[in-house]
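*Asks:* Residue numbers (the working numbering), protein chains in the order written: chain A, 1 to 298; chain B, 1 to 512; chain C, 1 to 280.
Since the hints were made in silico from the structure, they are not lab data.
All figures in this text were calculated on a predicted structure; none of them were measured in a lab.
Any given hint could turn out to be false.
Claimed, not checked - Below, a list of computed lysine-lysine pairs in the DSS-like style, where the Cα atoms sit at most 25 Å apart:
(1) A:Lys26 x B:Lys99
(2) A:Lys34 x B:Lys40
(3) C:Lys233 x B:Lys279
(4) B:Lys360 x A:Lys29
(5) C:Lys55 x B:Lys458
(6) B:Lys400 x B:Lys40
(7) A:Lys243 x B:Lys34
(8) C:Lys40 x C:Lys233
(9) C:Lys40 x B:Lys442
(10) A:Lys25 x B:Lys34
(11) B:Lys250 x B:Lys279
(12) B:Lys40 x A:Lys243
(13) B:Lys250 x B:Lys53
(14) A:Lys29 x B:Lys34
(15) B:Lys339 x A:Lys229
(16) B:Lys171 x A:Lys25
(17) B:Lys111 x B:Lys99
(18) B:Lys34 x A:Lys26
(19) A:Lys283 x B:Lys40
(20) A:Lys297 x A:Lys53
(21) A:Lys29 x B:Lys82
(22) C:Lys116 x B:Lys171
(23) A:Lys34 x B:Lys34
(24) B:Lys220 x A:Lys229
(25) B:Lys250 x C:Lys233
(26) A:Lys203 x A:Lys53
(27) B:Lys34 x B:Lys339
(28) B:Lys40 x A:Lys25
(29) C:Lys116 x B:Lys275
(30) B:Lys339 x B:Lys82
(31) A:Lys34 x B:Lys360
(32) A:Lys26 x B:Lys40
(33) B:Lys381 x B:Lys442
(34) A:Lys243 x B:Lys360
(35) A:Lys283 x B:Lys360
(36) B:Lys220 x B:Lys275
(37) B:Lys82 x B:Lys53
(38) B:Lys82 x B:Lys119
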Amino acid sequence: MTTSPPVDQLGIEERIARLGSRTIKKESKLEALKLALSMIDLTTLDSKDTPGKVRQLCAKAIRPYEAMPDLPSVAAVCVYPNLVRVAKKALQTMAPGCRINVAAVATAFPSGMSSLKFRLEETRWAVQEGADEIDMVISRGKFLAGEHEAVADEIRAVKEACGEAHLKVILETGELGTLDNVRLASDLAIDAGADFIKTSTGKIQPAATLPVTLVMLQAIRDHYYRTGKRVGMKPAGGIATAKLALQYLVVVKETLGQAWLQPDLFRFGASALANDILRQLVKERTGVYQSLDYFTKD
Amino acid sequence: MKATTKITAKAAVKPASKLTNKKPARPERCLDFKTVWNYKASPESAESAKLEKRYELFIDGKFVPPSDGAYFANFNPATEAKLCEVAEGSPADVDRAVKSARAAFEGVWAKLPAHERGKCLFRLARLIQERTSELAVTETLDTGKPIRESRAFELPLAANQFFYYAGWADKLGFAFPGRRPRPIGVVAGVISWNFPLLMAARKLAPALAAGNTVVLKPSKTAPLAALKLARLAEEAGFPPGVVNVVTGGKATGEALVAHEGVALVSFAGATETGKAIGKALAGTARRCALELGGKNAYLIFEDSAIDQAVDGIVDGVFLNQGPVLSASSRLYVQESIAKVVVRKLRDRLETLNVGDPLDKNTDVGALPTRELLQRVQAHVKAGLAEGVTSYQADQQVPKKGFFHAPVLFTDVAQSHRLTQEEVFGPVLAIQTFRTAEEAIEKANNTPSGMASGVWTDKGSRIFSIARQLKTGVVWANAYNKYDPTSPAGGCKESGLGRDGGLHGLASYVELN
Amino acid sequence: MRNYGIYVDGKFNRTESGRYFQFRAAQGDWAANLCNSSRKDFRDAVTAARGAFAKWSSAAPAARGQLLYQVAEALEGRKAQLSEELQHQGLTAAAAEAEVQASVNRLIYYAGWADKFQQVFSSVNPVASSHYNFSVLEPVGVVSILAPEESPLVGLVSAIAPVIVGGNSCVVLASSSRPLCAVTLGEVLQSAGLPAGVVNILTGFRSELLGQFTSHMDVNGVLYCGEAAEELKTVRENAALNVKRVSHSPRADSSAEEAQGPYAILSFQEVKTTWHPIAT
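Turn these sequences into a full structure, and let the hints guide you.
*Replies:* Shown next as structure tokens:
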């Protein structure tokens, strides 16, 4: 049975406000922007997604901005299971041997409202299609009904279905109501074998927030203290600006330190963020404020 | 031990003072806060303080030179560079100031319609808000505290103090049911250097709202905020003599306390000085209000929101580098969670940026004087001699300036000096407890009674413990929160009277 | 000749010093022996008061009020004896009766405040941050009372009642020229069921005991009744040793109605402010 310490909401908010007052300028900002770029799971999760769009996304993942070839690639592209094969192939073709992962949202994303059997099947299929990472959703209904063990069992089952693929567990924190629940769900997911815990599907508001992320990072920290095992963190949804991304990096830096300040253990699930980072990077380099018209929208 | 990697150099650096006692190795699963990506120095410009070369006394609405022409040099504790020179008020100057305050009290201030007094206070509050930048940088240059604290903590509190009491000026009768409150006369505000602007505001606002006039004697260590405030008071339209500022050292303060024209000495500072003031006034009809020190306790129970409790203790003891009357320098942790709390505290220590107070990213600045630095160093040394375990972050502090990196001590006993003496520096002594009774007994086991903190998730326990802690303020699941509406002040030897809120008016009125 | 004891920790004792002084009635040849209390008696009384404080201060305010009301009843029951003592101390029969009545009234007045002064003088403070913040009054602890020299009953009662109704315990030095009623008041308190140690009453000489009453480091407050400048100076000097709360009550004629009020209770109350976050 997973038990979690209580979370003091006001304390979390105050800590976030404090960390939000960090000033990041010039080289420090440039460094951080590149770091953030390298942590992005470049995401497209629209029902109207096409193979063409996914291929374009992959191109951008490899080389975010043609005019600045020295920029890092992003960490992964994140798509629906039926586009995994397209993404995998596009990456291999355009950049053989590149380390960009393909992540698939599975388990009846975004609601999770299907039988466990189908969710496991979908997971296995996505892995077969070539997914390196699986982003699953938990059953919020069961969680809120207090069936915590059932939720943990499901996560364990999905983890098993993942095989070699990494498992990111989406808590959908916007539906959990309190930070105490966020903490408990984080601990449940971590105990059940999550490689990453992730805030949101992006389909529910509020999606990722800094306070929620801090609570999840604290769960990760406590797990590390206890076991020495490092679990990754992925805030997703609503992180659209470079400025906000930098605030997330501050929180990671001061909560977990160096080990988590890399794409192995920290990701941004975002679609619009990359362009804003690029805009900032170009501005830092040229000194001229940029228009989004100069960056490809995918 | 982790390898020492150089942090981004801000200035010439020296290693943090060596602690030689039992210093345990970092635990196996330690977090590494020497990150590749770091914040670069982002200092505020010292220029925005708009400091003058020389500051005079503010008496009867004018800046006037001291009668015997003496000035003292005022230094920036972070660089040890001279900032400016400030008038050393003589007893004759004190006499002039008190007489001007008395004349203003009898002549204009007490006769002014109460709502007009309130308006002056409102205007002063607005002016403080407008000059936030200038005042915050001044405060940081003068005291060594981080600019973030000056700006985010002290400035808004100081301005709000005036806003709050402004409204009381014409409503005093409602604060004292059945009585008709009257002003008492000339108030001498003798204040400490730790929050020069906020302390000035805490004494001035209720005193002025109640219809008194004030002679303010700021600390020699940090006199600038009061002088800037005097200028703003003039701008706000206070009649000449209502607010006077006499700068100087001990002799100036003693002359003010001894002056027969003073009706009330409102003092903030060291307990010993407070007692001496009490004694000095014994044979007179004059009163005192005292805001003195404390060796404040902070209790963490095993059911706490531990991460926030750790944030709370960091704010509790390292705010302003430690010299806070309510600093929580004694931490009591329930035994079952002691290890994890200490571990978390150690990791938090690693993330605190110690250095240039003007840098917006600095968490811990400089102590205000070399004497205090030496006192803290001696205290730490004495602590080590008592056989405790110490932890200090793997950090470096600037070579010049009065910096002291934060220190934790564990294995501390109730009898140790670390537990008994007020340090006024970034030093935390940690003990464990098993039962609530034990925690309360240890927490109360001190002659002081300023403030305390208690962390637990159990509501009924909070009320029970809050009731039993003998302190003027209890922060439950919080620490070092201040608000102008909220009375604060010490029980036992930590003070007389309250500052803030409705109860903060009581010292400044006559009720008969 | 009657021997009066001292009232410490709920019991009537002789002074440990074995010293006595004689009281002679204003008229006639009635006389009594009274204890000339020593510093040791005072120390023991402080220990008793400290011991009683925890329970008394945490008793329900209404219960404290009820006890005071019972004291008033018991006092009224001793009207004859008190009146006689007052006459020995120089009052006319009518004045003595009036003083007992005023004392009864005074006790009832403060009994009524027991569960009300908190409501009138505490506050909920509208802080800007998301905290619930409230300030309540709590008793300071052990209070030394130097009872008025001239007003042997109503002055004494007026000194004690506001101190204890607020939850403090106290040690009282009775008037040395008019000490009789003080000891009888002790009997009244005992018979009314006031817990032992809440009020301790010594007889003796202010000149000898003032220093002890005001310097003891386990005493948290001093109520000084009187107008001697030198005494007041000593009181305040000694109080500064551990920042005792000092209240000075110069009023000799304390039967006047304006001599009573809740502010006498507040003199020995501390304001305690508690903060707690408001969040989900």
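*Asks:* Can you confirm whether the C-alpha distance between B:Lys220 and B:Lys275 stays at or below 25 Å?
*Replies:* Roughly 20 Å between the alpha carbons, so the hint for B:Lys220 and B:Lys275 holds.
*Asks:* Could you grab the alpha-carbon distance between B:Lys34 and A:Lys26 and see if it respects the 25 Å cut-off?
*Replies:* The given pair, whose Cα atoms are some 20 Å apart, holds under the 25 Å limit.
*Asks:* With a cut-off of 25 Å on the C-alpha distance, tell me whether B:Lys400 and B:Lys40 pass.
*Replies:* 20 Å, holds
*Asks:* CA of B:Lys339 to CA of A:Lys229, is that 25 Å or under?
*Replies:* 19 Å, holds
*Asks:* Quick one, are A:Lys34 and B:Lys360 close enough, alpha carbons at most 25 Å?
*Replies:* Status holds; Cα separation ~23 Å.
*Asks:* Decide if the proposed pair is consistent with the structure: A:Lys283 and B:Lys40, CA atoms, cutoff 25 Å inclusive.
*Replies:* Within the cut-off at roughly 19 Å; holds.
*Asks:* Can you confirm whether the C-alpha distance between A:Lys29 and B:Lys82 stays at or below 25 Å?
*Replies:* 34 Å, violated
*Asks:* Take the C-alpha atoms of B:Lys82 and B:Lys119, compute the straight-line distance between them, and say whether it is at most 25 Å.
*Replies:* Measuring from Cα to Cα gives roughly 37 Å; hence the hint is violated.
*Asks:* Quickly compare the C-alpha distance for B:Lys40 and A:Lys25 to 25 Å and report which way the hint goes.
*Replies:* Given pair B:Lys40, A:Lys25 holds - Cα atoms ~7 Å apart, limit 25 Å.
*Asks:* Next pair to validate is A:Lys34 with B:Lys34; report whether the Cα-Cα distance is within 25 Å.
*Replies:* 19 Å, holds
*Asks:* If you draw a straight line from the CA of C:Lys116 to the CA of B:Lys275, is it 25 Å or shorter?
*Replies:* 34 Å, violated
*Asks:* Taken at face value, is the distance from the CA of B:Lys442 to the CA of C:Lys40 at most 25 Å?
*Replies:* Measuring from Cα to Cα gives roughly 29 Å; hence the hint is violated.
This entry does not satisfy hints 1, 9, 16, 21, 24, 29, 30 and 38, going by the numbered hints stated previously.
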